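Given these sequences and hints, build the entire structure.
Protein sequences appear in the order of chains A and B. Counting in the working numbering, the first sequence runs from 20 upward without gaps. Counting in the working numbering, the second sequence runs from 156 upward without gaps.
Hint data in this document are derived by calculation from the structure and do not stem from the laboratory. Remember, it's a predicted structure, so these values are computed and weren't measured experimentally. Treat the hints with caution; some may be incorrect.
[Claimed, not checked] SDA-like, lysine to any residue: derived pairs with alpha carbons at most 25 Å apart:
1) K216/B with D130/A
2) K216/B with Q146/A
3) K355/B with T88/A
4) K216/B with R109/A
5) K145/A with K355/B
6) K171/B with L87/A
7) K216/B with L87/A
8) K79/A with R499/B
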Amino acid sequence: MDTYTDNDFIEGFRQNNQSLLNVFYKMHFASIQQLIVLNGGDAQEAKDIYQEGIIVIYEKILDNKLVLTSSLKTYLYSICRNLWLKQLSRKSKYVGNLNDSDDFFAIEPDDAQWMEEEIKQFDGMKQALLSLGEPCQSLINDYYFNHLSMADLTNKYNYTNTDNTKNQKYKCMNRLKKLFFELYIPPVK
Amino acid sequence: MQIDETIAARVEQYIKGEMLADEQKHFEHEINTNKAYAKLVNEYVAFYSALNHYNKRLKIKAALNEAHQQTTGSVQQPVSGKIIPFIKRNVRVISIAASVACVSIFSTALILSLYYKNQAPKGYRALVNEVAQIKKSQGVINNTINTITSATTKKPAAPGIYSGSSFLVTTNGYLITSFHIVQNANNIEVVNEGYAYSAKVIATNSTCDFALLKIQDSSYEAPKQIPYNFYSNRAEMGQKVFTLGYPRTNLVYGEGSISSLTGYMDDTMAYQVSVPLNPGNSGGPLFDEQGNVIGVISGKQMRTEAASFAIKSSYIVDALRTINENDFSNHFNSGKRLLSKQNRVQQLKSLQPYVFEVRVIN
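This is the structure:
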């Protein structure tokens, strides 16, 4: 099997290299699964925490904000550990100590808060989109995530002209915005 | 509604970088001068960035789910409840002793700072030194600039806002100090012999009121060995003790004896000592005559002169042993006990490079 360095993986993340991501995923899954399962979680929670941990690394790399003071492995473990402690305390199950099999360090409070906000924000948007209803949900999906042009949208949704489509899109957007801020309150800076 | 739509369109253009230079200037000018407009724009910016963020995460999640399939096989495993661990693990058994309270709450800085807020009993004044800021604020600014421009060179010490004491416990730059000093700290400097080094909190323990710091400065050269260890037995009443610390910006020696085997409000984790201590001594080491660390100075009871307290070393050692970080645990408590044959003057001379002032600059 090929061996990769942390830098190879970081570069892989940056370039959205799926096969490197698969290797990375396989390498660390067992250790995080063990952490979660030995500390009161199930397989689904292990998967969620693990993916959440990788997303943190992914986002930091994409934003050029990754500062490593340890190996990626230790970093990932520490993040997942922190996320799991948060979840336990939310469920009021925090017992004080975790069974740890790997090295870790304490996540900086700023970082921990950032991680939490990212998750809250994502969940807020997810809920807002779910409760948006049709045709808004599809319209926004096609415009923002599938990058359809106004002309394409006009065709697809049978609007009379592109101005009409634009109008519809803004209406949907405003509804989504309203829903989103009902579900998520940004931290005061 | 009409206005809203225009703003939405403009913000969208602005974020995508599709705005013409003139338009952008006008837009920015309006934001800067019209508060209500700026507020609306900000709301849209926050919304659009959340939407982009959502999009980005969705893509990563899709990639991760594919990786997950690759890892676990295409058939979803019907796993429920416990899974047999893949890796052999060491189960840490924590003995149910008096120290359990101290050990079990040991964890990361963030979680504990939440608990700590409600814990300090009334009448007990933490020995944190609130340094007079008036004349010095200029200095803080100047030195902050120094920090940025000369990151790898030794820095002259900056006047801090809160200060306390700390001491080295490993040869790779780990220090012990009081939790209440570094609680909520953004920026920590440790100072020794006029030089300041940046440090970061590695772990905290609010119950035992101590924190583990690490010097994060490439210009710092740690001594080759630590000339003392933590003493794991209980000290005796009447035993002579001494301290070193930074009640002001210079190192100050104090001596006295163990006056009680319990601390403030009969706290069994602490000794009462008859060493005259001042704000700023918190976090400093308490030595016995042979130079073993028998405690960490923690606080001072208000109004009672010469009644000071130190957390017993045995509790601190027990808590430190639970730290699962090889970088620390491989070096911890491997000191040499070089002080036992020295007289006090020699001891103090030997100890100088090991005791640091802690400055918290928020």
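Going down the list of hints, with the structure as the test:
In summary, the hint linking K216/B to D130/A is supported, as the alpha carbons are separated by about 21 Å, within the 25 Å threshold. For the hint pairing K216/B with Q146/A, the CA-to-CA distance comes to about 17 Å; that is within 25 Å, so the pair holds. Proximity of K355/B to T88/A is assessed by CA-CA distance (about 12 Å); at most 25 Å being required, the pair is judged to hold. Pair hint K216/B plus R109/A holds up; C-alpha atoms about 23 Å apart against a cutoff of 25 Å.
For the hint pairing K145/A with K355/B, the CA-to-CA distance comes to about 36 Å; that exceeds 25 Å, so the pair is violated. Between the alpha carbons of K171/B and L87/A the distance comes to roughly 31 Å, so the proposed pair goes past 25 Å and is violated. Proximity of K216/B to L87/A is assessed by CA-CA distance (about 23 Å); at most 25 Å being required, the pair is judged to hold. Annotation: proposed proximity of K79/A to R499/B is violated, straight-line Cα distance about 52 Å (limit 25 Å).
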